[in-house]
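Visitor: Go by the hints and put chain Y onto chain L.
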Amino acid sequence: MSSNIGVELKGGMYTFMSLKLHTSDMHVIDERLADKVQQAPGFFKNTPVVIDFTLIEDQNDLVDAHKLLECIRQHQLVPIVASISDKSSPLAQSIAIPLIDGGARRANVEKSISEDLTAATLTSSATSEITPDVNLALSREIEYVVKAPLLIDKPVRSGQQVYARDTDLIVMGQIGPGAEVIADNNIHIYGPLRGRALCGVSGNTNTRIFCQSLEAELVSVAGNYRMLETIPEELRGKPAQIWLDEDRLNIEPL
Amino acid sequence: MTKTIVVTSGKGGVGKTTTSASIATGLAKRGFKTVVIDFDVGLRNLDLIMGCERRVVYDLVNLVNQEASLHQTLIKDKRIDNLYILPASQTRDKDALTIEGIARVMHKLKKSKFDYIICDSPAGIEKGAKMALYFADEAIVTTNPEVSSVRDSDRILGILQSESKRSKMNEEPVKEHLLITRYNPTRVKDGQMLSVDDIVDLLAIPLLGIIPESPSVLDSSNAGKPVILDDESEAGQAYSDAIDRLLGESKPHRFMEAPKKGFLSRLFG
Chain L
8 MSSNIGVELK GGMYTFMSLK LHTSDMHVID ERLADKVQQA PGFFKNTPVV
58 IDFTLIEDQN DLVDAHKLLE CIRQHQLVPI VASISDKSSP LAQSIAIPLI
108 DGGARRANVE KSISEDLTAA TLTSSATSEI TPDVNLALSR EIEYVVKAPL
158 LIDKPVRSGQ QVYARDTDLI VMGQIGPGAE VIADNNIHIY GPLRGRALCG
208 VSGNTNTRIF CQSLEAELVS VAGNYRMLET IPEELRGKPA QIWLDEDRLN
258 IEPL
Chain Y
187 MTKTIVVTSG KGGVGKTTTS ASIATGLAKR GFKTVVIDFD VGLRNLDLIM
237 GCERRVVYDL VNLVNQEASL HQTLIKDKRI DNLYILPASQ TRDKDALTIE
287 GIARVMHKLK KSKFDYIICD SPAGIEKGAK MALYFADEAI VTTNPEVSSV
337 RDSDRILGIL QSESKRSKMN EEPVKEHLLI TRYNPTRVKD GQMLSVDDIV
387 DLLAIPLLGI IPESPSVLDS SNAGKPVILD DESEAGQAYS DAIDRLLGES
437 KPHRFMEAPK KGFLSRLFG
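Residue numbers (this note's numbering), protein chains in the order written: chain L, 8 to 261; chain Y, 187 to 455.
The set of hints was computed from the structure by calculation and includes no laboratory data.
Computed from a predicted model, the values in this text were never measured in an experiment.
By construction, the Cβ of each residue, glycine as well, lies at the ideal position given by its N, Cα and C atoms.
Please note that a few of the clues may not be correct.
Said to hold, decoys possible - Using 27 Å as the maximum straight-line C-alpha spacing, the simulated DSSO-like pairs for lysine-lysine come out as follows:
| id | chain 1 | residue 1 | chain 2 | residue 2 |
| --- | --- | --- | --- | --- |
| 1 | Y | Lys354 | L | Lys161 |
| 2 | Y | Lys375 | Y | Lys437 |
| 3 | Y | Lys262 | Y | Lys294 |
| 4 | Y | Lys361 | Y | Lys215 |
| 5 | Y | Lys411 | Y | Lys219 |
| 6 | Y | Lys375 | L | Lys161 |
| 7 | Y | Lys294 | L | Lys161 |
| 8 | L | Lys52 | L | Lys74 |
| 9 | Y | Lys313 | L | Lys161 |
| 10 | Y | Lys313 | Y | Lys354 |
| 11 | L | Lys161 | Y | Lys219 |
| 12 | Y | Lys361 | Y | Lys264 |
| 13 | L | Lys245 | Y | Lys313 |
| 14 | Y | Lys296 | Y | Lys313 |
| 15 | L | Lys17 | Y | Lys354 |
| 16 | Y | Lys411 | Y | Lys264 |
| 17 | Y | Lys411 | Y | Lys299 |
| 18 | Y | Lys296 | Y | Lys189 |
| 19 | Y | Lys297 | Y | Lys189 |
| 20 | Y | Lys189 | Y | Lys351 |
| 21 | Y | Lys294 | Y | Lys351 |
As the list claims (entries may be wrong) - Chain L residues, not near chain Y, derived (Cβ > 10 Å throughout):
| id | residue |
| --- | --- |
| 22 | Met20 |
| 23 | Lys27 |
| 24 | Asp37 |
| 25 | Cys78 |
| 26 | Gln181 |
| 27 | Arg201 |
Here chain L stands alone, though its shape is the one from the complex:
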């Protein structure tokens, strides 16, 4: 039982802010960091950051890793890991924090993601004001990580509640009357929806509900809901999708 496990070693995915160094010039870094931190001191205070050396690592001899990390720490950021492609270089040796693979492999992943998604969704507010010519960028990796959807392979019964936190919900069966399925993202139901379905519950208005047979007691997208009585008769019992169009809940046949 859980009480006598003591410790548990597990793999996990966490999101961190990464600090990408575009220059080895300490003064520029110092100045730009001061600017950034000053914009939102509370936000950056004691924030763990991944330091990305990949853009400046070929200037090996010009970089003083020790001073650089000191400088970053003075701005109250906490460097925890350095991302670097050549872990055996003299620069890598001089970095006094753990190293992870940067460079080619990682760059490919980031490239493909940034091609898929628009830049606006990838950068947090902290980076949105940075002009393209600045040589230092802070980027949040948070949106890079897509959590796997929650898959339920049996019916959700009356009185049961299923919540897919931060992700999509897929149900391979019916949602019984009086059952409730909830997701922060989309809801896909491969069966009749007879209970309640609420998507985008933490405010994502860009989410949808899909079901094979719409017989729901209630559907809701980001807090905008409709009861069965207000669902047009001709859509009941049909495959349908529910989505939000500027505060108006749309129900359309699939």
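Guide: Same frame as chain L, but now just chain Y:
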């Protein structure tokens, strides 16, 4: 191997006790050593339907509290060999039951080489019902052809999936059977009752049997004789079919069609 089957429904008055009595009797009649346990502590009924109410000395609560032995508590049926009844207490309530206590009883029954333990669940979704289903390997969900009964059955199926021992221990899930009782094909045809297809569609579990509404059920209850022993009645035959299916035989479902009215009854009916 002992198999534990709970007869449950959520809703009251749908025929759980009638079903428990007939299923237990049917299994015993086919030679399996069977015990039927009344979990409805405080509202004891099974003993009446089984016709052994005058022979109750000790009850389930005594056994759980280790105040009586299994041998003292079990009532042997007078009609069928291999059939035993474990009555509920009428003077106590459901709080008298504990999982540990029930586990001890189940263990003793298994040691006594019972083939089947039939647990007659009380109505509701509270402690008594949860105790009755906790140790189940299989469940017979008893449903009447009406919306409220079907919804309650859906609810109890959810509880079976989350609160049974099998679900808590991450074992193979409880095997679910749907038994539709008080089915009246004429009223279904008139749209006053849900049809078999509707109910199966709503609950999405395999159908074990359809017990037609029949006066013989009440007559048998009053006589203290499980209706399955009444070979003449449709309800008795339908329970008999259900036993065959429970044991793995495939049999076509009967008693689903409204009886065709003859010329005379149409004239005078």
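Visitor: So, for every hint listed, does it hold in this structure?
Guide: Evaluated hints:
Note on lysine 354 of chain Y and lysine 161 of chain L: the hinted pairing holds, with a Cα-Cα distance of about 17 Å set against a maximum of 27 Å. A hinted pair counts as satisfied when its Cα atoms are at most 27 Å apart, and lysine 375 of chain Y with lysine 437 of chain Y qualifies at roughly 23 Å. As the CA atoms of lysine 262 of chain Y and lysine 294 of chain Y are separated by approximately 16 Å, the hinted pair is consistent with the 27 Å bound. Of the pairs offered as hints, the one joining lysine 361 of chain Y and lysine 215 of chain Y holds, with about 23 Å between alpha carbons and a cut-off of 27 Å not exceeded.
Only pairs whose Cα atoms come within 27 Å are accepted, and lysine 411 of chain Y paired with lysine 219 of chain Y is accepted, the gap being roughly 19 Å. This hinted pair does not check out: lysine 375 of chain Y and lysine 161 of chain L have alpha carbons roughly 31 Å apart, beyond 27 Å. This hinted pair does not check out: lysine 294 of chain Y and lysine 161 of chain L have alpha carbons roughly 34 Å apart, beyond 27 Å. At roughly 20 Å between alpha-carbon atoms, lysine 52 of chain L and lysine 74 of chain L fall within 27 Å of each other, so this suggested pair holds.
For the hint pairing lysine 313 of chain Y with lysine 161 of chain L, the CA-to-CA distance comes to about 25 Å; that is within 27 Å, so the pair holds. In summary, the hint linking lysine 313 of chain Y to lysine 354 of chain Y is supported, as the alpha carbons are separated by about 16 Å, within the 27 Å threshold. Between lysine 161 of chain L and lysine 219 of chain Y the CA atoms are separated by roughly 34 Å; this puts the pair beyond 27 Å, and the hint is violated. Distance hint between lysine 361 of chain Y and lysine 264 of chain Y is unfulfilled; the C-alpha atoms sit about 31 Å from each other, more than 27 Å.
A threshold of 27 Å between alpha carbons decides the hint, and for lysine 245 of chain L with lysine 313 of chain Y the separation of about 39 Å lies outside it, so the pair is violated. Taken as a hint, the lysine 296 of chain Y and lysine 313 of chain Y pair is honoured in the structure, with Cα atoms around 23 Å apart against an allowance of 27 Å. The straight-line distance between the Cα atoms of lysine 17 of chain L and lysine 354 of chain Y is roughly 23 Å, inside the 27 Å bound, and the hint therefore holds. Taken as a hint, the lysine 411 of chain Y and lysine 264 of chain Y pair is honoured in the structure, with Cα atoms around 11 Å apart against an allowance of 27 Å.
A threshold of 27 Å between alpha carbons decides the hint, and for lysine 411 of chain Y with lysine 299 of chain Y the separation of about 25 Å falls inside it, so the pair holds. Annotation: proposed proximity of lysine 296 of chain Y to lysine 189 of chain Y holds, straight-line Cα distance about 9 Å (limit 27 Å). Note on lysine 297 of chain Y and lysine 189 of chain Y: the hinted pairing holds, with a Cα-Cα distance of about 13 Å set against a maximum of 27 Å. Proposed proximity of lysine 189 of chain Y and lysine 351 of chain Y is supported: the alpha carbons are some 14 Å apart, at most 27 Å.
As the CA atoms of lysine 294 of chain Y and lysine 351 of chain Y are separated by approximately 18 Å, the hinted pair is consistent with the 27 Å bound. Every Cβ of chain Y is farther than 10 Å from the Cβ of methionine 20 of chain L; the closest lies at roughly 25 Å, confirming the non-interface assignment. With a cut of 10 Å on Cβ distances, lysine 27 of chain L stays outside the contact zone with chain Y, its closest approach being about 45 Å. No Cβ of chain Y comes within 10 Å of the Cβ of aspartate 37 of chain L; the nearest lies about 55 Å off, and the non-interface call holds.
At the 10 Å boundary, the C-beta of cysteine 78 of chain L stays outside the reach of chain Y, the nearest C-beta of that chain being 52 Å off. Residue-level check failed: glutamine 181 of chain L sits 6 Å from the nearest beta carbon of chain Y, not beyond 10 Å. A Cβ of chain Y approaches the Cβ of arginine 201 of chain L within 10 Å, the least distance being about 8 Å, so the stated non-interface status is violated.
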